[in-house]
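**Q** Between the sequences and the hints, there should be enough to build the whole structure, so can you do that?
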Amino acid sequence: MRTFDLPAPATTEGLDLINRRPLVGGKRKFAWITEHFSQIVERKAPFWWWVAVLITGLIASLVPLTLAYQVSTGVGVWGLNNPVFWAWDITNFVFWIGIGHAGTLISAILFLTRQKWRTAVNRSAEAMTIFAVICAGIFPAFHVGRVWFAWWLFPIPNANVIWQNFKSPLLWDVFAVSTYFTVSLIFWYIGLVPDLATIRDRATSKIKKFLYGLFALGWRGSNRQWSHYEKAYLILAGISTPLVLSVHSVVSFDFATSVIPGWHTTIFPPYFVAGAIFGGFAMVLTLLIPCRWIFNLKDVVTDKHIDNMCKIVLLTGTIVGYAYLMELFIAIYSGNPFEQWVFLRNRVADPFIFGPLMNVPPAPYWWAYWAMMISNVIAPQFFWFKKIRKNLLLVLIIVMFPNVGMWYERFVIIATSIHRDFVTSSWGYFSPTWVDIGLFVGTIGLFTFLFLLFIKFLPMVTMFEVKAVMAEADPHYDPKKKTKKTGDPLVDNNPQLSGGAH
Amino acid sequence: MPNIFPRWTNWLPLKVALIIAILGFLVVNGVTYYFTPKYTRVGYMPGQPVSFDHSLHAEQLGLDCRYCHTGVEKASHSNVPTVQTCMACHLHVQKQSAKLAPVRAAWESGEPIRWVRIHQAPDYVYFNHAAHVNRGISCQSCHGQVNHMTVVWHHEPQSMGWCLECHRRPENFIRDVNEVYNLNYTISTEEQRILGRKLVEEWGVQPPQNCAGCHR
Chain A
1 MRTFDLPAPA
11 TTEGLDLINR
21 RPLVGGKRKF
31 AWITEHFSQI
41 VERKAPFWWW
51 VAVLITGLIA
61 SLVPLTLAYQ
71 VSTGVGVWGL
81 NNPVFWAWDI
91 TNFVFWIGIG
101 HAGTLISAIL
111 FLTRQKWRTA
121 VNRSAEAMTI
131 FAVICAGIFP
141 AFHVGRVWFA
151 WWLFPIPNAN
161 VIWQNFKSPL
171 LWDVFAVSTY
181 FTVSLIFWYI
191 GLVPDLATIR
201 DRATSKIKKF
211 LYGLFALGWR
221 GSNRQWSHYE
231 KAYLILAGIS
241 TPLVLSVHSV
251 VSFDFATSVI
261 PGWHTTIFPP
271 YFVAGAIFGG
281 FAMVLTLLIP
291 CRWIFNLKDV
301 VTDKHIDNMC
311 KIVLLTGTIV
321 GYAYLMELFI
331 AIYSGNPFEQ
341 WVFLRNRVAD
351 PFIFGPLMNV
361 PPAPYWWAYW
371 AMMISNVIAP
381 QFFWFKKIRK
391 NLLLVLIIVM
401 FPNVGMWYER
411 FVIIATSIHR
421 DFVTSSWGYF
431 SPTWVDIGLF
441 VGTIGLFTFL
451 FLLFIKFLPM
461 VTMFEVKAVM
471 AEADPHYDPK
481 KKTKKTGDPL
491 VDNNPQLSGG
501 AH
Chain B
1 MPNIFPRWTN
11 WLPLKVALII
21 AILGFLVVNG
31 VTYYFTPKYT
41 RVGYMPGQPV
51 SFDHSLHAEQ
61 LGLDCRYCHT
71 GVEKASHSNV
81 PTVQTCMACH
91 LHVQKQSAKL
101 APVRAAWESG
111 EPIRWVRIHQ
121 APDYVYFNHA
131 AHVNRGISCQ
141 SCHGQVNHMT
151 VVWHHEPQSM
161 GWCLECHRRP
171 ENFIRDVNEV
181 YNLNYTISTE
191 EQRILGRKLV
201 EEWGVQPPQN
211 CAGCHR
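Quick note, the sequences are listed as chains A and B, same order. Our numbering puts the first residue of the first sequence at 1, with every later residue one more than the last. Our numbering puts the first residue of the second sequence at 1, with every later residue one more than the last.
Hints in this document: simulated from the structure, not taken from any laboratory. Idealized CB from N, CA, C, for every residue including glycine.
Okay, derived cross-link-like pairs now, DSSO-like style, lysine-lysine, Cα gap no bigger than 27 Å in a straight line:
1) A:27 with A:304
2) A:208 with B:15
3) A:206 with B:15
4) A:209 with B:15
5) A:208 with A:467
What follows is a set of in silico ranges between Cβ atoms, one per label pair, in the way DEER data are often shown:
6) A:57 with B:31: 30 to 38 Å
7) B:126 with A:178: 32 to 40 Å
8) B:184 with A:148: 42 to 50 Å
9) A:85 with B:70: 40 to 48 Å
10) A:68 with B:187: 49 to 57 Å
11) B:215 with A:259: 19 to 27 Å
12) A:259 with B:122: 33 to 41 Å
A short, non-exhaustive set of chain B residues, derived as facing chain A with CB atoms under 10 Å:
13) 4
14) 10
15) 13
16) 36
17) 159
18) 160
19) 161
20) 162
21) 163
22) 165
23) 168
24) 211
**A** Right under this line is the structure:
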């Protein structure tokens with residue numbers, strides 16, 4: 001039994017802690033939530049949106065163009081050659097897959113752990129996940145060379161009686177990523193249904209009624225439907241939760257199960273997962289802060305939300321930094337000359353400080369390694385300071401570092417480990433061609449393009465879930481009743497918001 | 001609020017799903033049956049410029065396969081005989097036969113007979129005849145009982161799955177090297193099982209199953 005009548009604290013000390021700030025600020029009501037987020041979808045798209053869609057659409061068209069050129073000419077149009085057979089393709093794949101992890105963490109793990117602040121950001125973070133996985137999938141599918149045979153990756157009985165090698169982590173990857181995409185998509189869609197019904201009910205044109213009605217699956221908001229919905233959502237959250245950890249662990253197996261120095265590392269699975277959540281939250285902040293400015297979301301995506309996410313970036317960034325240093329330490333401590341070579345001579349040795357200190361020539365990829373270290377280890381440390389976490393412009397600038405740094409991390413792991421093989425005759429250097437660059441830039445365009453479509457055509461915040469964490473949702477809520485605690489009826493009457501029993 | 005969709009649409013998703021399932025079933029089975037070598041290759045029996053009768057030569061007269069296809073034991077390619085091979089006999093036998101007119105014409109002009117090719121492995125498949133016939137895989141296993149064919153036809157699918165059937169279980173097909181060119185050879189399943197295992201073990205037969213085994 002929950003007791004709602006807790007005695008008031010004897011002293012005012014610690015009151016701030018108990019009387020938590022409401023998750024939705026500005027004393028907003030249910031009606032405002034519905035109006036505000038439905039109108040973004042219903043109103044005519046603003047001019048800037050058309051400009052942005054046009055530009056990102058044009059950039060996104062690089063994806064089909066470069067792929068058409070690549071497929072018709074051959075996979076050799078990428079800069080890959082002996083000894084670097086994985087470079088930008090797999091780097092981009094791991095980069096995009098990693099981005100998606102924040103969405104799943106917010107939607108699944110924070111749901112199961114009852115972190116109510118997730119409601120304001122989960123919809124857009126999940127959308128980001130799906131778009132990122134779409135971008136990611138392009139690279140492994142096309143790097144096989146003959147993309148029309150990509151279905152051989154799946155265990156489908158075929159006339160050639162080919163069967164997959166289940167010992168290969170590359171095959172595990174196929175299952176991990178396809179499961180991840182399917183579950184994320186279903187999870188996102190199920191969570192959309194009640195809001196789609198809201199938009200449907202408000203729609204004025206016939207075509208909108210039809211389309212939103214079609215995807216709302218006949219949602220009426222009955223008790224029975226809500227009961228089914230809650231169960232389905234909980235089950236999907238349960239299925240998604242292990243995926244947050246498993247997908248990037250499996251991606252790391254692509255490297256960790258090999259025998260290449262620099263890849264063959266047992267620390268990889270947790271290191272990759274932390275990195276993925278780190279990069280993912282950086283991307284969530286990158287997308288949400290401009291949205292917050294443009295669509296006036298500050299009452300829903302409050303400073304507290306940004307603050308929480310900055311702290312996650314700080315935590316995961318520090319874990320990643322620990323992993324980098326531990327990897328380096330183990331390479332030195334193990335005494336394995338090949339590991340030492342990869343870490344010291346291929347990565348760390350810059351021409352200014354460490355190279356001269358170790359008395360070795362500069363590593364060919366020293367710039368990539370140090371770009372990674374500065375972006376991923378040093379930049380997030382600024383989030384220790386509350387003042388910086390409160391300054392959205394600074395937050396936006398700082399999270400740009402992990403956005404770039406996490407790409408560099410994957411490039412450093414992949415390219416620097418293989419560009420110098422065991423024999424010096426097999427030493428090389430990877431330089432991207434215009435097709436490599438065009439395809440990667442194209443996926444950035446595609447990602448942004450899809451996100452712009454999302455914010456225009458779907459409610460970007462889960463309206464019904466945000467309402468559930470508002471004071472008005474509490475059965476004991478009485479707007480007329482004022483108490484002496486804080487003078488805010490929204491807070492004082494809600495035991496959940498005012499720190500009452502849970 | 002009025003209904004957006006009429007009542008009959010309630011069952012529409014199920015109906016659509018059912019139609020897709022039926023279509024999917026038909027397409028998958030149709031492609032598997034009509035688009036694979038079992039259907040597209042088996043039974044291919046083109047007319048040849050010379051009505052050469054294998055059943056007459058190989059069965060009634062008892063010519064060994066290797067009398068004409070001389071390279072089969074030594075090379076990866078099993079050659080079709082030249083006109084010289086034909087004329088070695090036909091300078092003396094059936095000298096006036098009308099059926100042999102194109103052969104005699106080729107003999108005189110030096111222009112080879114343009115036989116129509118029946119068995120054609122794709123360019124990306126490296127098949128070695130010698131490696132197979134010298135390790136107990138009979139002509140019959142891949143070409144059928146040519147000694148009973150008046151006009152040769154494509155007897156086996158020769159698809160990759162069909163190749164792998166033997167590469168995965170060679171003991172079901174391997175036979176004594178002396179029986180490789182005996183196209184009338186029969187053996188009971190039980191005997192084949194015992195003999196097959198013995199030969200595979202004695203010869204250390206390990207047919208490649210990796211891609212590079214055939215797709216070099």
